[in-house]
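S.K.: Working from the sequences, and respecting the hints, build out all of it.
There are 2 protein chains.
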Amino acid sequence: MSMHSCHADNEALLPHGGHLHAAATCYGITLADWLDLSTGINPDGWPVPAVPPSAWARLPEDDDALETAARDYYGAACVLPVAGSQAAIQALPCLRAPCRVGVLHPGYAEHAHAWRGAGHNVRRVQVEEVNDVVAQVDVLVLIHPNNPTGVCFARDQLLDWHAQLATRGGWLIVDEAFMDVTPQHSLAPFCPRPGLIVLRSLGKFFGLAGARVGFAFTDAPLRAQLQVLLGPWAVAAPSRWVATQALQDRTWQETTRQQLLAGSQRLALLLTRHGLAPHGGCALFQWVHTEQAATHHERLARYGILTRLFDQPASLRFGLPGNESDWRRLDIALADVCRTEPDRVAR
Amino acid sequence: MSMHSCHADNEALLPHGGHLHAAATCYGITLADWLDLSTGINPDGWPVPAVPPSAWARLPEDDDALETAARDYYGAACVLPVAGSQAAIQALPCLRAPCRVGVLHPGYAEHAHAWRGAGHNVRRVQVEEVNDVVAQVDVLVLIHPNNPTGVCFARDQLLDWHAQLATRGGWLIVDEAFMDVTPQHSLAPFCPRPGLIVLRSLGKFFGLAGARVGFAFTDAPLRAQLQVLLGPWAVAAPSRWVATQALQDRTWQETTRQQLLAGSQRLALLLTRHGLAPHGGCALFQWVHTEQAATHHERLARYGILTRLFDQPASLRFGLPGNESDWRRLDIALADVCRTEPDRVAR
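The listed protein sequences correspond, in order, to chains Z and P. Quick note: the first sequence uses the numbering used here, first residue 1037, plus one each step. Quick note: the second sequence uses the numbering used here, first residue 1037, plus one each step.
Derived from the structure by calculation, the hints contain no laboratory data. Just to be clear, a hint being listed does not mean it is correct.
As the list claims (entries may be wrong) - Selected chain P positions facing chain Z (in silico; Cβ < 10 Å):
#1 H1055
#2 V1087
#3 G1243
#4 A1247
#5 R1248
#6 V1249
#7 W1269
#8 A1272
#9 V1278
Every residue, glycine too, gets a C-beta built ideally from N, C-alpha and C.
M.R.: Right, here's the structure in full:
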């Protein structure tokens, strides 16, 4: 195995949602008083029970029950647990010599950052360009459904793009961080195929972003390279234990899929009523394209409501409020910010 | 910042202690029936209370209370939390162009593995050679106290070696994974100094090996490079929360230092009584150099007692038993394996 030369052009860490400590300082609002809609994380995540003391005390072991639980949940034969899909996003660019990489744009920015940092030739690809670009790149990175636009692709289309890339030794990387509500669109069950890499995470749907557990699905040789690069004990043992239980909890998963779909529709309606009709979204967020994004972001923050602001294009991503009081609070703040009326009907 | 070309020669993960699932399968002894002395982890670690649900749900934030707690505990002005010192061990070799590296031998094997894997010229250094080798290398890696030999160095000696290396742009890396019982020997309070890198971990003394929390102490430029390389959210949020509480618990720390010192002396006496007088050790393990290491390892495993076997030199490392029944069990097994008498005095 060889890792390729990595030259990081950008020394800065990228901005992300979820920086509540920073927001609290910036706006002078105490931590507990914020409604954090900046992340796309399920606000009502899997309820974590007490973790066995041995999980804290002992080194993580690869041959616990996690991989079996993951294979069952994702319907995939091959799986490598990683410390959140972020760990795989950072590692994959080190496993290819410098090449041409197309990354869906707008899209989760860590992908382009990691490939560029590792010395690859990265181009941003608009959704309508993807089909033409496949022939011009060695690696194509898609976020599916896309974050923040919510764009989805047909499974046959994805498999066709993969086949084109694989013929030339290329890779299709599909980041399925927001796929759990629509498992029928996942490419995980098609793994392992050479050149197909699917990333999943327990951060969003399961609401376990703090645990840092994700999975890479790919063929055995690349999986082995990734494992060596990431090293032993990449995932904390309590996180492995919690992830195993969450992946096995089919009842919670079914209920939660329905709840998130309903919540997402409700959020789209609420935003629309305040003149912010979403341009896209999925079960865990809605995305609003507006020239006033920065102003709205700022004014909502003064209400203690943190959203995720994007510059290009100017847009806001709203995660789901968690309870009725949070829904009401968002409604009232939007009414002021957008100079519209709050909903007078109790929901 | 630039990362340097990394070529991993060795595709395999190294063997380690703590592989209880594998041992259980190999010896046909169920998991719960093992006495695991293979790791050097405190068997009576910090008692983890219930973790706040928000720690599982939210992305880890760099600006929580962990860094302050670590600065206070380690007495060091500069700190970077990492996912166990292993994360820093893997990353540091990527932050230098190929160079000459001396690694203490015998010693924790991941250091040499990581530097060799990244294309550096690595030589093993016996403890009596270190002083001469300093002038011949760019990077010197010491484990202090050493694992598994328990060798210690005088602080002034270490600072002198660091000064020699730093003059030439070299690094002294001191892995202090087993230092917590003897904080007066730590170099952490001397950081930041250019070229001095101290690694600490919560795995051993605090008995939180599953949490994957460690720290790198070094100067600001290298800390920034490490942080970019390791990426955002490197340490799980529940692990950060638990580590913060453990680092602040001075009462537990004081009591535990005394208990571990007493336990380690007791273990040395027990081994000596069975003809296995240790050749070295520290508060968390004893190290026995014997040509019969492999046979003893195998026979103890048949008793469900897992030790850590080293090939070069042939030796065994024994961690501390956790309770009186475990001490008795080890005594009886050693009596059979070494053809000696078990202790007849109840302790």
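S.K.: Out of the numbered hints, which ones does the structure contradict?
M.R.: none
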